[in-house]
Structures are given as structure tokens and as C-alpha cells.
Amino acid sequence: MHELGIVFHIIKTVERVGEENQLSTVSSVTIQLGEVSGVVHTELADCWKWAVKKTELLKNAELLIETIPAVTFCEGCDTTYETVRHGRICPHCGSGHTYLVQGNEINLKEIAAC
Amino acid sequence: MDKIRIIEVKESIFADNNREADRIRAELKRQKTFLLNLMSSPGSGKTTLLMRTIEALKDELRIGVMEADIDSSVDAEKIAATGVRSIQLHTGGMCHLDAGMTEQGLKELGTEDLDLVVLENVGNLVCPAEFDTGAVKNAMILSVPEGHDKPLKYPLIFTVCDVLIINKIDVLPYFDFDLDKVREYAHMRNPKLKIFPVSAKTGEGMRAWTDWLRQQVGEWNREEI
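Residue numbers (full-length UniProt numbering), protein chains in the order written: chain C, 1 to 114; chain Y, 1 to 225.
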């Protein structure tokens, strides 16, 4: 259930931005989730619905989720490949010396508000 | 109705938490207090290991403990029996502590006169790894019955930790647990990870771990800002 903690952090950041920009109502919040960020979308949506109702600024705000594909780089052959499909072992050369380039992000992208 | 506008934020949702954590570390540095964040699965022997660690260091260091649990004070009572100052933090259903909750706990505990504070995080290998608590060092315990494949299954926690304590090595003969494999898998995720195989029950290996901790506390509390 780290989704709940994540939702609290999104709300906290939105409230800060809301204050800085003198917003009164937030209609939607767009976040970007990496494919291997470990966040379960449906859990996040449920926690969101529950948590925003407790706030004034976000009570009707919709949560929009964009997905960032996960990409791994292989040091063995200097190429990249799809993480979700092939995992930790490079499909081109079989090397295990690989690291994630992108795909573990949990970013707050933008807020639509007035 | 006002016109809706789009405000670009473009930052990690952990950015605020990370800033808060940096603030906590700066304050601890000023107070000369070392904060250790101890993480593990439930049942890895965290509380027993902590009690042994306290016994070894309590004559030299002024120690405080924050026990984080979803809802109970079983662990805090055990720690209180060792004679060090301790408090129980309830996360109210959440599976981890963040910097904000840690800061509240530190205030409640009172850290000005302490050399070492140990935060016993909620038993969980996934979520606590994502939130910087403001700790100076992060340690995790993996116990032998859990299996040597954990670094493959929960890579993030092995990446964020400075220390891996492998507990319950007294039962190694009864399990298919390969110490070399754990070392290999863990170092694959984090080449700088320090590894201490111990048995909190028999005391085996505990000396190396407590020596390391003593040295870290000394360095942090001595260094000039």
C-alpha cells in the first residue's frame, strides 16, 4: 500500500503549488509513471479517490496517468532494450551488466486548475 | 467560472520528501546525532538484532530508538527493557515512514543529547526503500530463512542501503541459502554495499557490525560541518 503514501505526497505537492499560484480548484493532475516504478495503477486510483475528498483544493480533481516505457542499457554491447520484455539480461549479447535508463519514474507532470 | 490553466510541475513526487530529508540530516549534523534507518521484512529478527546492538554500544553511546509499526507497541516495550530511550511511532496503516513522520518522531524522542538514534522502519522490503527518511545511513537485514534470491526480487532496497546484515546464520545448515550468491546478487545491484553475516541469537559476527556502526557514528559526530 505505498500507493497511499504516494498519493499523500502528490496532494502535498499540489497544495504547495496551489498556494504559490493562488489556485482555488484543481480539475486534474497528470502524473507520469515508469513501467517498472512498482506502482499499481488501480490501487493508486482508489487511494486517490479516497484521499482527495478530504481536501478542499483537490476534491473534484481527476488523476491522469501517463506511462514512461522502461529501457535498459547494456554495458556489454552498448545498446538499449525493452526492460519489461527482456529483464536484466541483455537479449543481444547475453550480458548481465545492465542498468535501467528510464522507467522507474513517479513524476508530477502538470496540474490543470483555476 | 475562471479559465482553467495548466501549471507545469515536472518533478518527482519524492522531491519534497527528499528536501525535507536533507533538512533533517543538516539538523542532525548540527546536533551531532547519527540516525540509522533499519529496514527488513517482518520476522527477520530486527528487534533482537537491535537489542544486541544496544547492549554492545550503550556504555559508550547515548542511544535512542524509534519503533515504527502500523499499530502496536510490542517492539517498543522490548526495547524499553534495554534501558535506552525509545518511542513507538504508529504509521496509521501506512507501510513506510517518510521524512515528515521521521521528523515528528525525532522531536518527540528528543535528540539533542543523543549520539545515535535508530529508526526501526516498518517490516517491508518495498515501500520504505522509496522514501528518504533523513537517515545518515540505511541498513537492511535479510535473514537466512528468507532465501538468497531477495536481491533479485527487491532490487531497490539493496540499491539504497549502505549495509546488508545477513541474520540467523546459526540456521544456515538447515536452509538452501547460499551466502556467496547473496553477496554476488547484492553487489550486482550495489557494488559499495557492506555485508555482515551475523547471528543476533548466538552473537556470531555481531562484533564486526557493531564496530562498523561505532566508527560511522564517531565519524559523523566528530566531523566539522
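Worth double-checking, as some hints may not be accurate.
As the list claims (entries may be wrong) - If you only want the chain Y side, here are some residues facing chain C, beta carbon under 7 Å, derived:
{"hint": "1", "residue": "7"}
{"hint": "2", "residue": "8"}
{"hint": "3", "residue": "13"}
Claimed, not checked - The list that follows gives simulated cross-link-like pairs (lysine-lysine, PhoX-like), each with its CA atoms no further than 25 Å apart:
{"hint": "4", "chain 1": "Y", "residue 1": "3", "chain 2": "C", "residue 2": "59"}
{"hint": "5", "chain 1": "Y", "residue 1": "3", "chain 2": "C", "residue 2": "53"}
{"hint": "6", "chain 1": "Y", "residue 1": "192", "chain 2": "Y", "residue 2": "29"}
{"hint": "7", "chain 1": "Y", "residue 1": "10", "chain 2": "C", "residue 2": "109"}
{"hint": "8", "chain 1": "Y", "residue 1": "3", "chain 2": "C", "residue 2": "109"}
{"hint": "9", "chain 1": "Y", "residue 1": "10", "chain 2": "C", "residue 2": "12"}
{"hint": "10", "chain 1": "C", "residue 1": "49", "chain 2": "Y", "residue 2": "10"}
{"hint": "11", "chain 1": "C", "residue 1": "109", "chain 2": "C", "residue 2": "59"}
{"hint": "12", "chain 1": "Y", "residue 1": "10", "chain 2": "C", "residue 2": "59"}
{"hint": "13", "chain 1": "Y", "residue 1": "192", "chain 2": "C", "residue 2": "12"}
{"hint": "14", "chain 1": "Y", "residue 1": "29", "chain 2": "Y", "residue 2": "150"}
{"hint": "15", "chain 1": "Y", "residue 1": "3", "chain 2": "C", "residue 2": "12"}
Stated by the list, open to error - Estimated spans, in silico, between C-beta atoms of each pair:
{"hint": "16", "chain 1": "C", "residue 1": "42", "chain 2": "Y", "residue 2": "11", "range": "16 to 26 Å"}
{"hint": "17", "chain 1": "Y", "residue 1": "178", "chain 2": "C", "residue 2": "42", "range": "28 to 38 Å"}
{"hint": "18", "chain 1": "C", "residue 1": "21", "chain 2": "Y", "residue 2": "178", "range": "52 to 62 Å"}
{"hint": "19", "chain 1": "Y", "residue 1": "48", "chain 2": "C", "residue 2": "22", "range": "45 to 55 Å"}
{"hint": "20", "chain 1": "Y", "residue 1": "207", "chain 2": "C", "residue 2": "54", "range": "29 to 39 Å"}
Simulated from the structure, these hints should not be mistaken for laboratory data.
Please read these numbers as outputs of a predicted model, since none were measured by experiment.
Glycine is no exception: its CB is placed at the ideal position from the N, C-alpha and C atoms.
Need the list of violated hint numbers for this structure, in ascending order. 13, 14, 20
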